[in-house]
Amino acid sequence: MTMPSMQQPGKERDTVALLGAFCLFLSTIEYMIPKPLPFMRLGIANLPLMIAIDLLPAPAYFLLAAIKTVGQGLVSGSLFSYVFPFSLAGTFASALLMFGLRRILGSARIGFVGIGVIGALASNLTQILLARAFVFGESAKYVAPPFLAAGLATGLALGLFCESFVSRSEWYARRLR
Amino acid sequence: MRFDAASRRERGLSLFAGGELFVAGLLAMPSFLFDPSLPFRAAQFFLFWFFVWAVGRKNSAIATLSVAAGIVAFNLIVPYGRVLFAWGAFRVTEGSLLGGIEKAVTVEGLIMLSKATIRSDLRLPGSFGALIGDSFRYFDRILEKKGNIDRKDITGSIDRLLLELSADQEAAALMAADAAASAGPGADATPITAHGENGWAPASARGPGRSRVGRFVLAAAVCASWALFAAAWFR
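So the protein sequences, as listed, match chains A and B.
Residue numbers for the first sequence follow the numbering used here, so the first one is 5 and each next one is one higher.
Residue numbers for the second sequence follow the numbering used here, so the first one is 224 and each next one is one higher.
Chain B with its partners taken away, still in its complex shape (with noise of 0.2 Å):
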């Protein structure tokens, strides 16, 4: 079994449908909110942090870490609780540096949970859906055509670009009109078709996206979250 990015990411799309990574984030997040304890909050965030791994997506511990730091420089600011150690002026206090630590934390793991879990394949429903999935489809245009966008003349490409993507929606428009006549009701339009850590690829490039064993790993990853809220509780 290969553990390159490529593959987890590969294998995570044939595992889990974005649906189901949705609603297990959703029912996690709970868990990792209201969890009490600081060192079962940050377990809960290194499970995140693995599933983020294990599906591939881009995390770069460097930016992790210096945002968490400057969380939690930015909590030393204002002091408050016993005084840990000084330089020269500048005092750096328990209650302050616990509570950077709590909120560098939290932030980061809400980062992580979502990160795992929100898939840019994601189908939202109703018509609010279908238009997030028109301007998802625009999207793979605008990036597949992104190499036409000239920086000596920005306004003047992305408004050929526009043009050309307008020209093509209208073209489509007639297309599909035409095909609907022919074919009679209950003709679709296209899926939306994305994958990666912001890269976007056909919907013929993507595995089935759902199967037991990938229901049972996310049961499994959110009973995990939750026993250790529980345990937090318990303890």
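Here chain A stands alone, though its shape is the one from the complex (with noise of 0.2 Å):
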């Protein structure tokens, strides 16, 4: 039911940097892409939050999440812009629902698939409620069907990948000892 939360504080410590880095790595690509918005994003910088969900706990987990919004915006020079709290919203809705089913289902009931497709919803619902209040108006629901679309398009590739990722890796096993 619950998962195991492994690590020392130190090494819990670091595990949150380098994923951290990660974030910022992938956000980095994530910069280059296209896009019709600025704040709508594809996340894939999502991936190490995902693979987090069974590593850290509770607190070390949102601190990841805050050093990914916050490295996004400095990484892209966003931090004054709308892009920050639409950045700041889906992704803290999308962490705060994927730890969240993750804990209370537990990986028998909830994979990693489900746990993407859940963040990648949950995060461009989020931006589009946003969206809707701060830029777009009563047009928000024009841009919302191919947004979500996308989402969750990203949210499948990233839980496969995801999936993948924790069942091959060597770091992850070592890191979940």
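Note that these hints are calculated values from the structure, not bench results.
Only a predicted model underlies this, so the values are computations on that prediction, with no experimental measurement involved.
There may be inaccurate statements among the hints.
[What the hints assert, rightly or not] To give a feel for the contact side, a few chain B residues facing chain A, derived at Cβ under 8 Å:
1) GLY248
2) LEU250
3) MET252
4) ILE294
5) THR316
6) LEU333
7) SER343
8) SER358
9) LYS375
10) LEU386
Glycine included, each C-beta is placed from N, C-alpha and C at the ideal position.
With the hints in hand, could you dock these two chains into one complex?
See below:
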């Protein structure tokens, strides 16, 4: 039911820093992908958050989510723009749902594919609601279907990748011990 | 004086400290957000855009225009106000057009301000800042080794990279513990070493990052933004 939260404090901190760096790396890649609106990201930088779901206890996990958001703001220079609150809200909505569902349902009932899809949809839905309030108004409903469809596709792809990674990764197995 | 992007970036790094840029951005932001006039807000946008250019940050005019056009286009879908013209059933209304332009200028202006004043060598205070610093150090290492990520074996190559970085970290921690034991208290960690347009370089490649001229320029830019704000209110 509950996941093992391995790790001594030093190792845990190191895992957060290392996965945070991967978030930054993937954010940089995502930054280079053209998109119709600056806050509408595909969400590939969520991958380390998915990998960390069984590795970290709640405080460290949400610290990683914070590092991802602030780091993205620093790397892309968007800390003062609308992009930052969009990213913050999207990341924390998806982190909360992914982490909560995995802890409540357990790995037997919800795999990484389910986690990935739910996380992506939570993030995109939150961002659409913010876009409706601050940028598009009623027109947000026209943006929502393709944006949610893209989230569904990337969530699925990330979930499959994550499933494959955690089953094969020696680093992950060592960190889980 | 050279004006290519690399020279401007180097000049920006030597003139401005990351923290001072951040404070300047914070001070300028309210003058932009609360500017009641679209033409003056647009003037502030161009001020920020110029600053982005001046510090050598990468900035695509096409991307800026296409994002702005997207925001305006989506605003036009819901018509309100006087009809300016119509294409068949599609009506372009004054209210939705002006509203769209205002939103586009605001979104893009904040992005410009952010690009100009948020630099990745900005040090955040406290233990969270230290943790982000550690992440940036790892990020530097990942960028150094990103060539090792093999497209044919992404999972395996990422795993090897994580193992390598963890091993390096363990070795560095052991060395740091040894050095701290022999040097006594006060030993510090490596600084965050990043700069450029999503590009990163060793600390030695950076300039001192603060100067009187730099502070004067930042103060002048902030004053210019507030002057436009005041002009919009009192015109």
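Now the hints, each set against the structure:
1. GLY248: 5 Å, holds
2. LEU250: For LEU250/B, the interface hint is violated, since the closest Cβ of chain A sits about 11 Å away, which is over 8 Å.
3. MET252: With Cβ-Cβ at 6 Å, under 8 Å, it holds.
4. ILE294: 6 Å, holds
5. THR316: THR316/B check fails; min Cβ-Cβ to chain A is 13 Å, beyond 8 Å.
6. LEU333: 4 Å, holds
7. SER343: 5 Å, holds
8. SER358: 3 Å, holds
9. LYS375: Violated: closest Cβ of chain A sits about 14 Å from LYS375/B, beyond 8 Å.
10. LEU386: Given a least distance of 5 Å, the restraint on LEU386/B holds.
In this structure, the hints that do not hold are numbers 2, 5 and 9, in rising order.
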